[in-house]
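**Q** So the chains spell out like this:
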Amino acid sequence: MPLWHLYVPEDAFTDEDMADLANRITDIYSSPEAMENWGFWFPRFYTSVIFNEVKPERFIVGGKPRDKFIQIEVVHIAGGEPDSDRTPNERAAEYTGLTETELMEKYYQVVYPKLKPYIEDRGYEWEMHVENAPAHSWRIDGQVAPFPGSKDWDRWFEDDRASARTYT
Amino acid sequence: MPLWHLYVPEDAFTDEDMADLANRITDIYSSPEAMENWGFWFPRFYTSVIFNEVKPERFIVGGKPRDKFIQIEVVHIAGGEPDSDRTPNERAAEYTGLTETELMEKYYQVVYPKLKPYIEDRGYEWEMHVENAPAHSWRIDGQVAPFPGSKDWDRWFEDDRASARTYT
Amino acid sequence: MPLWHLYVPEDAFTDEDMADLANRITDIYSSPEAMENWGFWFPRFYTSVIFNEVKPERFIVGGKPRDKFIQIEVVHIAGGEPDSDRTPNERAAEYTGLTETELMEKYYQVVYPKLKPYIEDRGYEWEMHVENAPAHSWRIDGQVAPFPGSKDWDRWFEDDRASARTYT
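Protein chains in written order, with this note's numbering: chain U, 374 to 541; chain W, 374 to 541; chain A, 374 to 541.
For reference, chain U alone in the conformation it holds in the complex (with noise of 0.2 Å):
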C-alpha cells in the first residue's frame, strides 16, 4: 500500500512510459517531497502500481465506448501498525494542519503534475478516488507493517522489501 489501480486502453503506455509514470506515482509517497508535504517517506516498495489494459468497447462511459479515458483506483491502508494508537494519516493531520477535505485537496495538488504529462498532456479524460482500507487487514509477505521509525521499519525501508519483523 498504497495501491493504484489504472485501467488503461490498450497500447496506451510503452513500457518505458509505464515505468516512468509508476516512479512519478511512487514519489507521491516516497520522496522529500513526501516528506515535505506529509510527514512521512515511505518505503518505495509499499506503492504497487498496476496498470490494466481494456478494450474500447469493454471501457463505456456515459453509455460510449471510450479508447481515449483512463479511470484510477487507489486504496490507501488509514493506519500504521495495528497496535500503533497513531496512524500514518492523523500524522499527516498534524504534520499539515488540514482536515480531511483539505488534505486531499492538498493530496491532488501532487498528484495532477505527476500524471499530467502521460494523461491530459495526451488527450485522455480520466476518473479517479481514493478508497481507505482498515490497517489491521494489510500484510506484506504476511508480515504487519512496522511503525516508522522502529529498527524494523529502518530495515524494510533500507533493503526496500519486507522482511521478517523482530518488534524492536
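Simulated from the structure, these hints should not be mistaken for lab results.
Please read all numbers here as calculations on a predicted model, not as lab measurements.
It is possible that part of the hints are untrue.
Put simply, identical chains are the same to the list, so a pair is met inside one copy or across any two.
Unchecked claim - In silico BS3-like pairs for lysine-lysine, Cα to Cα no more than 30 Å straight-line:
1) K524 - K441
2) K524 - K437
3) K428 - K487
4) K428 - K479
5) K479 - K437
Take the given structure of chain U and dock chains W and A to it, following the hints.
**A** Frame of chain U, contents of chains W and A only:
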C-alpha cells in the same frame, strides 16, 4: 462515479450487447426514471462501466471453475461535492423517505430488470455488491464534481463532459 | 462473498494450481476448520476467486516491474442479512472473544498456510488486504443472502447455489 466493474466470461457479450447493457446501467442514474426514483439525474458521463474478461479456469466459485458466472462490483461516491453539507445519499433518503437498507432494496428493484435480459435470461449466475468511497477523494479530469443545480453542474450536464470549474 | 481478487503474473499457475488454491481459499470460510475458527461454515459457492493475469511490465512495485509479485485484494461483506440484527463478524467476535484486530491476526494465521505452497514456497512476494462492504448492498442472483440456520440457508447450503428466498 458510479463505477461498475463486471467480471464476465470471455465472449459472453458482443460489442453491441455491452454498449446496450452499459446504457441500461447508465439509465439507473441518468434518466427520468432516476429522477423519479432518487430525486436526481446525473450527467451520463458520470457512469463508467468496465467489462473485465475472465477465462473460466481463472474464475472459480466455490472451488469450481465457472463459465456462466458474472461478478459485479460497484463503487458509489456517497457524497455531493466535498464543500457541501448535503450528500446525494441524503438527498435520495430525503426524497424517498427510506432508510439505507430500504434504499438498497429499492435500488435492486431498479437494477434487477436492467440486468435481467443480459444476465439471468442468458443463464448466468451473478453476484453483486456496492461499496461507497469518500466524496472528497473523487476527481474527474482533476476537477471536483459540482453540486447539483450549480452553473458548473448545468454546463457539465449539457456538455456531457467535465470542464474547468468556475465555482458559480 | 467473500470475494478474492488475485493479481498474478501470466503463467504463474496452471489450471490445476488455480483450482486447488481456490479450494484452499474456500476452505478458510467453508470447512470444519472454519466452524472451529469462526463459528460459521459458509456455503462453498459464497467464495469467488478471480485470478487476474498481469504482464510484468504492467505490474510495478516501488517503481520496478515485477514478475514475482502477487497482489491479493479481498472483500468481505461485514454482515448477515440486512434485516437481521447480528452480523457474522459479531458472531465471529462473540464466538472467538477477540477484538477486530485480534480477529485479523487469527485470520492471517489461517490464511498464511493456505497460500504458502503456491506463493511463498514458489518465491513470490505478496501483499494482501481485506476491505469490508455493506451487507445491505449484497445480492446473489438478485437474492438477499439468508440468515445462517434458516430454511433458506439450509437449502442454499445443500444445493451449493442460490435459489428464490422463501423467508422461512
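**Q** It remains to establish, for every hint, whether it holds in the given structure.
**A** Status of the hints after comparison with the structure:
1. K524 - K441: Between. Shortest inter-copy distance 26 Å satisfies the 30 Å Cα cut-off; intra-copy 46 Å does not.
2. K524 - K437: Classified as between: cross-chain Cα gap 25 Å, same-chain 52 Å, threshold 30 Å.
3. K428 - K487: The answer is both: 25 Å in one copy and 23 Å across copies each meet 30 Å.
4. K428 - K479: So K428 and K479 fail the 30 Å test inside a copy (33 Å) and across (33 Å) alike.
5. K479 - K437: Classified as between: cross-chain Cα gap 26 Å, same-chain 32 Å, threshold 30 Å.
Violated hint for the displayed structure: number 4, the only one.
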